[in-house]
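Enquirer: Given chain A, work out where chain B should sit, using these hints.
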Amino acid sequence: MAQLGAVSQSTPRHSRVRLTQRLQHWLPKLALAPTGVMALVGIYGFMIWTGILSFTGSTFLPSYEFVGFDQYARLLGNDRWLTACTNLAIFGGLFITLCLVIGCFLAVLLDQRIRNEGVIRTIYLYPLALSMIVTGAVWQWILNPSLGLEKLMHDWGWTSFQFDWLTDPEMVIYTIVIAAVWQASGFVMALFLAGLRGIDPAIINAARVDGAGMPRIYLRIVLPAMRPVFFSSVMVLAHIAIKSFDLVTAMTAGGPGYASDLPALFMYSFTFTRGQMGLGAASSILMLGMLLAILVPYLYSELRGQRNG
Amino acid sequence: MKSIRNFLAAAGLSVVLTPAYAGQVEVLHWWTSGGEAKAMGVLKEMMEEQGHTWKDFAVAGGGGEAAMTVLKTRAVSGNPPAAAQIKGLDIQEWAKLGFLTSLDDVAEDAKWDEALPPVVAKTSKYEGDYVSVPINVHRVNWLWANPDVFEKAGVDVPQTLDEFFTAADKLKKADVIPLAHGGQAWQDATVFEAIALAVLGPKDFSAAFVDHDMDVLSGSKMVEALTKFHRIRDYIDPNSVGRDWNVATKMVINGDAAMQIMGDWAKGEFTAAGMVAGEDYLCVPAPGTEGSFTFNIDSLAMFKLNDEEDEKAQKDLARTILEPEFQTVFNKAKGSIPVRTDMDISGFDSCAQAAMESFKTTSDNGQLIPSLAHGMATTSAVQGQVFDVITNFFNTPDADPKTTAERFASAVQSAL
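Here the protein sequences come in this chain order: A and B. Residue 0 is where the first sequence starts when you use numbering that gives the first Met the number 0, and the numbers rise one by one after that. Residue 0 is where the second sequence starts when you use numbering that gives the first Met the number 0, and the numbers rise one by one after that.
Isolated chain A, as found in the complex (with noise of 0.2 Å):
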């Protein structure tokens, strides 16, 4: 381009070319500033700031006034801070352990070749295009036990028949991972069978030439080959669950007391309705932790993968 303007010779004509060529190389740094900088002030600034305010006395609205490690040391001398994480690791562990195994094994069953595997696919898929909101509504009638499930049993004769996980308070939180399974295993099934889809079916002939049977194929050479959607699975699903706020709100909305409290529920309550603005910043500050002990293992391999490949 830039050679055939300079041919040509003429001004107004080299001049467009030039600025063409300008815009060719301004136009997607252009198009990509307004996401940058969105992206720079309100996802990193903001966490500049979270973290700022957690080393101050903010109580309702936001102040200077700095405390150094105080609310850090009050958030850790909270018992329902300690509920709230003891539940994280309890739910964040069942649900994408469960998510894994239902998910790879729908997948692995889907992966057959049977017949309206299309719509089996969709029927699975589906709870995912639920918001959590609504999945964690479902479930709480179902899992209530005046209206749903124990009621049912009730009225069609088995009185003895019991299912009140939702209002123990020592198995609450069990009942949430129950919905939180039912939402997103769909979706891990997914990715496994795309996964799935991508392996050479060569491979697989050439093991069954050698003798080896179905389940054999599949834990040996199938799924370790899956790794790399193992490792985003379990990334979008950690995720899930430590931002995971609205099926519990829905759900039991922290209750019964505080039995089924997360992080999340913990920072919005004390920040907005308590106006312990510092305490809550803390608290998403230890929230984003959480997520970095997770994410820098992974990036690390990730990245350190790449380079030697």
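No wet-lab data here; the hints were simulated from the structure. Each hint should be verified, as a subset may be incorrect.
What the hints assert, rightly or not - Calculated pairs, DSSO-like style, for lysine-lysine (alpha carbon to alpha carbon, straight line, at most 30 Å):
no., chain 1, residue 1, chain 2, residue 2
1, A, K150, B, K172
2, B, K110, B, K43
3, B, K169, A, K150
4, B, K249, B, K172
5, B, K172, A, K242
Expert: The following block gives chain B in isolation, referenced to the frame of chain A:
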């Protein structure tokens, strides 16, 4: 050119000459349900009669959480509404940050100090200046009862805690739920507050939850209060978790449950069901709290404004709210009682009249207690911590009252 100037002059003059034009009041509130909205409509009419423009700024959401978020944004950006519904000690916080304006000239003209009980006046003031206007008083320590259910079970409506537990046992045998309850933190706290007041008495209750006396907070009487509070679990149904208060009230209305401990906003539900106070449903002081009055006051805090006309409208709003006329209409619609003790309330129902009588006597003898469960006793930070302890204790089947009382003290300490 000349004509334009004439026009402008005329326009300017007309503004000055039109007496009808005055300021605009914008009021942030979350009274959006039926009776509440009607009550606010009255205020709007009265302001418009005085020639002001009313701008409604209602943010739905019972507890006002959403409204508070909006208010904070507006206040920080320098554009607060004229008045906002803010409660209890949060008024002091807003005033401390310098957002609120002084209403002393209005208060002096209208003689608020004579009309309001000192405790109420105190919650509306910051450093001696009125910065907010109390609108109504709710009594929180009420026990609502369905007389038919009591008659069938052959027991009397309990007056003391001991009677309450005996009556509850009999009701349970008669196959009704003795106490309708909603398992939300503030409702747990409402019930706890009534029991704590009965066990501790008004003086120690205030010492614990208003002055944060650590010895009382973790003392033996508190352990006793917690023990009795935990006993209540036996008399509520297991499905109460997360239930709204009005659903619990419906259980009393339908006769599924015999009683409910709840503030007098419950009256709205009974009225809506076509029931008459004193006949179809009974209101008695929560067991053991006869002679005390836990109050929950709604107030409008007044923000500093820039426009002079708007300021005038704001002052008119403040004055209008405390005028007997508005107090009567509003409180009848809302189910509460007027904040003024010098009013004729013969037109109110029997529960409101009983509440008013108790309000007057308690404001004289010092048994008028700010409600812990409704943010009148302490800041939202301390209140939140106390709620956490209460609700966790209540929802743990084998919780220990003694360690819980100690946790009360440490939780309050950490939030101070």
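Enquirer: All hints, please: hold or fail.
Expert: Taking the hints in turn, this is what the structure says about them:
For the proposed pair K150(A) and K172(B), the alpha carbon gap of about 22 Å is at most 30 Å, so the pair holds. For the hint linking K110(B) to K43(B), the alpha-carbon distance of about 23 Å falls within 30 Å, and the restraint holds. Between K169(B) and K150(A) the CA atoms are separated by roughly 26 Å; this keeps the pair inside 30 Å, and the hint holds. Between K249(B) and K172(B) the alpha-carbon distance is near 21 Å, which keeps this suggested pair within the 30 Å criterion.
Restraint check for K172(B) and K242(A): the C-alpha separation of about 46 Å exceeds 30 Å, so the hint is violated.
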